[in-house]
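Peer 1: Just so you know, the protein sequences line up as chains X, A, G and E, in that order.
Position one of the first sequence corresponds to residue 12 (this note's numbering), numbered consecutively onward.
Position one of the second sequence corresponds to residue 7 (this note's numbering), numbered consecutively onward.
Position one of the third sequence corresponds to residue 279 (this note's numbering), numbered consecutively onward.
Position one of the fourth sequence corresponds to residue 86 (this note's numbering), numbered consecutively onward.
One or more of the hints may lead you astray.
What the hints assert, rightly or not - Partial chain X-side listing against chain E, Cβ under 10 Å, derived:
| no. | residue |
| --- | --- |
| 1 | L23 |
| 2 | G44 |
| 3 | D134 |
| 4 | V138 |
| 5 | G140 |
| 6 | M142 |
| 7 | T146 |
| 8 | I216 |
Claimed, not checked - Label pairs and their computed distance ranges (CB to CB):
| no. | chain 1 | residue 1 | chain 2 | residue 2 | range |
| --- | --- | --- | --- | --- | --- |
| 9 | E | L419 | X | P356 | 43 to 51 Å |
| 10 | X | P356 | A | S75 | 36 to 44 Å |
| 11 | X | G215 | E | L419 | 31 to 39 Å |
| 12 | X | N24 | E | I166 | 34 to 42 Å |
To be verified - Here are a few chain E residues that face chain G, going by a calculated C-beta distance under 8 Å:
| no. | residue |
| --- | --- |
| 13 | V187 |
| 14 | G218 |
| 15 | L222 |
| 16 | F223 |
| 17 | V225 |
| 18 | S229 |
| 19 | T230 |
| 20 | T232 |
| 21 | I233 |
| 22 | M237 |
| 23 | V255 |
| 24 | I259 |
| 25 | M279 |
Simulated from the structure, these hints should not be mistaken for laboratory data.
Where a beta carbon is used, it is the ideal one built from N, C-alpha and C, also for glycine.
So the chains spell out like this:
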Amino acid sequence: MSDTLETQEYSLNLGPQHPSTHGVYHARLRLDGETIVSCENVIGYLHRGMEKLAESRTYAQFAPFTSRFDYLSGALNTWGYAMALEKLGGVAVPERAEYLRVIVGELQRIASHLVMLASMVIDLNAVTGWMYAFTAREGILDLLEAVTGSRMTINYIVAGGVIEDLPSEFESKVKRTFEDLRSRLADFDRLVSGNEIFQGRTKGIGVIESGTALEFGMTGPNLRASGVGLDLRKDAPYSVYDRIDFEVPILRGGDTFDRYYIHLLEIHQSVRIVEQALDGLPSGPLRTKLPKAWKPAAGEAFGTIESTRGIQGYHIVSDGSERPYRMHLRSPAFANIAIVPEIAPGLTIQDFVATLASLDIVLGEIDR
Amino acid sequence: MREGAREIAVSAAELVATMAALKALGDFILFDIVAVDRPERYELTYRLLDRGGEGRVGFFTVRVSAEKSGADEPSLPSLVGVWKAADVLEREVWDLMGIRFEGRAGLKRILCMDDFEGHPLRKDFVVRRTPRFAEAQEGGRP
Amino acid sequence: MESFLFYAFAALVVISALAMILSRNLVHSALYMAAAFLGMAFVYLLLRADYIAVVQILVYVGAISILFVFGIMLTKRDRMDGSNGFNRYGIIAGLVGLALFALLARAVTVAGASRAAPPADVPQAPAGGSAVAISNLFLGQLALPLEASALLLLAALAGAVVIGKGREKSKC
Amino acid sequence: MQTLNDLFLIVSGLLRGAMGSWGFAPGLTDAIMALVSFVAIAALVTVNIIVILWVDRRFAAFFQERLGPNRVGPFGLLQSINDAVKLIGKESIMPAAVDKRVYKFAPVLIFTVTIVLYGFLPYGKGLAPIDMGAGLLFFVAVSSTSTIAILMAGWGSNNKYSLLGGMRTVAQVISYEIPLAFSMIGVVMLSGSMNLGSISAAQHTLWNIILQPIAFFVFIVASLAELTRSPFDMTEAEQELIAGYHTEYSGMRFALFFMAEYANLFSVAALGATLFLGGWEGPLLPGYLWFIGKTWAMVLVILWLRWSFPRARVDKMMKFNWKVLIPLSIANILLTGVGIKLYQYFSTVGR
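Please build the complete structure, drawing on both the sequences and the hints.
Peer 2: Below, the structure written as structure tokens:
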């Protein structure tokens with residue numbers, strides 16, 4: 012008789028239709044009981060060939076498509092694309108537009124982080140926390156709708172500036188919404204973060220060391236939760252971030268709880284940024300108008316932006332025509348999810364679901 | 007090097023050694039690989055994120071070309087041994103642009119389906135309405 | 279009424295016992311076994327032995343048969359249909375079974391004949407249920423055997439833990 | 086007042102009298118009365134499920150700053166009926182690879198067990214449909230058989246998620262049965278009976294929750310696990326196992342599982358009310374109203390817990406059971422025994 016009783020491994024397809032894969036992510040797991048032995052990522056179920064589509068659209072026509080990459084933070088996607096185009100064509104952006112971009116971008120970040128918090132706690136079955144976060148997000152979406160006209164796939168930031176000015180009495184609306192947001196976040200924090208069961212489910216689970224995170228090219232909150240302070244808004248300031256006083260929260264644990272908690276901290280920083288940007292909002296034009304058939308000179312440009320999930324990069328190659336010769340998106344979630352097979356072995360299914368939720372993936376951006 | 011050019015071009019043979027040397031400097035992480043289908047060659051841009059400059063972050067670009075010879079599949083040495091991030095990035099380039107990376111395992115499609123035919127980002131890829139799968143439509147797909 | 283119920287439950291026991299033996303599927307067999315246990319519990323109830331019936335359900339249906347089913351379910355299950363195959367001992371088993379049945383039938387008839395005068399120290403089922411009587415018996419007259427069996431079970435439990443954990447892990 | 090209190094007894098007495106005057110045989114009368122009480126229980130189960138479903142939704146909505154169902158009927162009261170009709174009308178899909186007999190029988194079994202449980206509850210003084218000496222033990226025993234139904238569903242569905250749910254159920258329910266039963270022993274010791282009616286009557290002066298706070302805590306936690314309610318709803322953890330053991334069920338078969346879950350919620354809450362809150366004991370109002378009221382208080386507590394906590398981890402939950410709850414409940418038995426002896430000693434000395 013052998014020293015230990017033998018167990019039998021079996022495989023389980025977690026996804027693509029599964030409640031907690033946040034879209035159509037598919038993990039092929041080998042399990043021993045409920046413990047994961049190995050994991051294989053299967054992605055691409057949402058692949059829409061966006062990079063190919065870009066080659067048959069003009070630069071302006073493709074802009075709305077970019078908000079469908081990371082559909083939870085559409086405004087930031089369009090901003091990244093706009094910055095790449097501005098680099099490509101050497102277009103100047105009016106100052107007021109930069110401030111408006113910061114306002115809309117940070118509101119979008121808050122909304123996206125709230126979705127992350129909500130979906131993370133619902134994956135741990137804290138249903139009430141989920142409702143709290145989504146109710147808070149509703150207020151932010153109302154603000155975004157008031158400015159941009161849409162709630163999800165925001166197409167507000169275009170190459171050269173923004174398309175609309177702020178509506179009237181926007182500042183007082185923001186003030187009210189933020190008050191509400193703060194009290195809701197405090198409720199949420201008390202309800203979820205301090206909960207013993209929640210901490211037991213998340214602390215020390217799915218730890219990503221900073222070295223591993225860098226090796227896999229992780230960026231964004233997930234990297235900052237592992238103790239690496241890398242945030243383009245601070246480290247390579249674009250737009251007007253160098254004029255705004257904010258902090259980049261850094262946590263050291265690298266576990267699921269830290270990845271969750273850093274989102275909460277970042278929301279507070281984004282609130283600060285929006286408030287300062289509203290205070291410092293200069294007057295002036297909104298947009299450097301580009302011609303309809305805009306033809307940048309042949310060449311290439313790489314525009315990066317600190318998106319909600321990490322550093323997003325748009326690599327655009329122009330051949331002098333009105334359509335891009337090649338458009339490539341460097342998607343942060345694509346790198347973030349690549350780490351899953353590395354950290355999955357040893358986790359149970361429950362922990363896997365929690366860890367996956369904390370990585371905050373958006374399949375629209377991964378599959379492109 | 008940091009103060010000098012932010013961009014270097016290397017040959018395919020030197021790629022791995024260059025990258026390993028850059029990694030040994032300690033502050034670079036592999037950020038992205040972009041492949042562009044130029045008329046006469048495939049141009050690959052390896053973008054590294056440089057965290058070295060006193061709290062400032064920059065990007066460092068390494069360019070390498072894969073020649074379009076008569077064979078369908080141009081190839082380059084793989085960087086999986088240097089950065090683990092290269093795994094999915096190289097699979098993406100292989101999937102969409104059809105550049106084979108040598109010296110690594112598990113180079114298979116990542117975004118398109120496993121039985122997809124062709125490499126969609128190549129300029130000679132013809133976009134059709136019907137999907138291209140190895141098996142005919144009426145044949146029961148698994 | 280009572281005899282009708284008895285025949286119904288007895289039929290349940292016999293049919294599920296037969297089905298357990300004859301079923302080709304091991305899991306079905308285990309489930310039929312649970313049904314037979316349940317039927318036995320009903321028969322106990324009819325005999326006014328409600329405590330025994332409870333224990334029958336709690337231990338046999340609620341725990342033992344579930345562990346049986348559980349154990350069988352987790353074993354290899356490519357094809358469950360032929361998992362409870364027959365072997366060539368069928369005739370011998372049948373003969374042994376018949377002999378056992380004859381023995382039991384004889385015992386029952388003998389006991390039935392002497393039923394008129396039950397031994398004085400066997401308590402009759404009281405009106406408030408048999409639990410009180412049984413617990414009095416267990417904690418009084420039978421305390422020593424009860425404790426001995428508890429010790430035995432504890433030893434078995436510890437042994438099961440040791441075997442289940444394996445040698446390597448139990449070191450740490 | 087007394088009339089109101091004994092309303093159901095009087096009605097059943099009248100029925101029996103009427104049947105006697107019609108010349109029915111006593112056996113037949115008994116059978117008909119059993120049928121009547123069965124129908125009454127079934128009606129109670131059904132009405133209860135509908136009400137609990139509605140309350141659960143509205144209660145959750147209240148916690149989550151939502152409105153909840155409010156369109157169908159006044160305050161959305163008919164929403165549950167609407168859902169029931171929908172589920173009955175739906176096609177009951179049976180996957181091809183299931184073990185047909187096991188798959189079909191599991192929902193029937195689980196619902197049967199649920200209805201039987203309702204028969205043991207003491208709804209008022211002398212109002213227990215099945216009144217037996219070891220009633221409490223019987224309740225526990227019968228409720229433990231629902232495990233086998235869940236296991237059948239999980240295995241019969243031929244789905245790995247279902248099987249995982251079934252596996253978790255067995256580990257969870259069988260383990261938590263131990264502290265659940267142990268937590269009741271203190272109460273049994275205090276009242277000196279396992280008859281649920283006597284236990285209620287024994288709490289005439291003082292509710293057991295005051296004498297047995299530890300047991301009450303253990304009971305609540307363990308019954309949450311027994312019911313597989315959040316935070317211990319591992320068996321159907323929708324974020325991990327889709328829907329656990331009933332992933333492959335649809336239509337009326339799914340409805341049976343669903344209804345059984347909520348019906349069990351009520352019966353376990355009723356057991357808690359009987360054991361710790363005095364059951365039908367109470368001044369002024371008729372006993373059955375007290376019983377229903379206390380049960381609903383327990384139901385609301387369980388629902389409140391559901392909407393407040395995330396799901397625990399399987400291994401931590403098991404550790405909690407074996408390392409905290411069981412020692413605690415055993416210590417409680419010891420404490421109760423010592424307490425009873427001390428009380429007896431001092432009360433005799435005092436005399």
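Peer 1: Each hint: holds or not?
Peer 2: Against the structure, the hints come out as follows:
1. A cut of 10 Å between beta carbons decides the hint on L23 (chain X): the least distance to chain E is about 5 Å, and the hint holds.
2. Restraint check, G44 (chain X) versus chain E: the minimum CB separation of about 8 Å is within 10 Å; hint holds.
3. Here the hint on D134 (chain X) is kept, as its CB sits about 5 Å from the closest CB of chain E, short of 10 Å.
4. Of the supplied interface hints, the one on V138 (chain X) holds, with its beta-carbon coming within about 6 Å of a beta-carbon of chain E, less than 10 Å.
5. Because the beta carbon of G140 (chain X) sits about 8 Å from the nearest beta carbon in chain E, less than 10 Å, this interface hint is met.
6. Annotation: M142 (chain X) was flagged as interfacial toward chain E, and the flag holds, the nearest CB pair being 4 Å apart, inside 10 Å.
7. Evaluation of the T146 (chain X) hint against chain E yields a held restraint, the C-beta minimum of about 6 Å falling below 10 Å.
8. The interface hint given for I216 (chain X) is met, as the beta carbon of that residue sits about 9 Å from the closest beta carbon of chain E, less than 10 Å.
9. The supplied range of 43 to 51 Å is met by L419 (chain E) and P356 (chain X), whose beta-carbon atoms lie about 44 Å from each other.
10. At about 41 Å, the beta-carbon gap between P356 (chain X) and S75 (chain A) stays in the expected band of 36 to 44 Å.
11. Evaluation of the 31 to 39 Å hint for G215 (chain X) and L419 (chain E) yields a pass: the beta carbon distance comes to about 36 Å.
12. A beta carbon spacing of about 38 Å between N24 (chain X) and I166 (chain E) agrees with the range 34 to 42 Å that was offered as a hint.
13. The interface hint given for V187 (chain E) holds, since its Cβ lies 7 Å from the closest Cβ of chain G, which is under the 8 Å cut-off.
14. Nearest Cβ of chain G to the Cβ of G218 (chain E): about 2 Å, under the 8 Å cut. The hint holds.
15. Interface hint at L222 (chain E): satisfied, since its Cβ lies 5 Å from the closest Cβ of chain G, which is below the 8 Å cut-off.
16. With a least beta-carbon distance of about 5 Å to chain G, the hint placing F223 (chain E) at the interface is held under the 8 Å criterion.
17. With a cut of 8 Å, the hint placing V225 (chain E) at the interface with chain G holds, because the nearest CB-to-CB distance is about 7 Å.
18. The criterion of a C-beta within 8 Å of any C-beta in chain G is met by S229 (chain E), whose closest approach is roughly 3 Å, and the hint holds.
19. Interface hint status for T230 (chain E): upheld, as the beta-carbon distance to the closest one in chain G is roughly 5 Å, under 8 Å.
20. Hint status for T232 (chain E): holds, given a least beta-carbon distance of 6 Å to chain G, under 8 Å.
21. Checking I233 (chain E) against chain G: minimum C-beta separation of about 5 Å stays under 8 Å; hint holds.
22. Against a cut-off of 8 Å between C-beta atoms, the interface hint on M237 (chain E) holds, since the closest Cβ of chain G lies about 7 Å away.
23. A least Cβ separation of about 5 Å between V255 (chain E) and chain G falls short of the 8 Å threshold, and the interface hint therefore holds.
24. With 8 Å as the threshold, the beta carbon of I259 (chain E) comes within range of chain G, its nearest partner Cβ sitting at about 6 Å, so the hint holds.
25. Look at M279 (chain E): its Cβ gets to within about 6 Å of chain G, closer than 8 Å, so that hint holds up.
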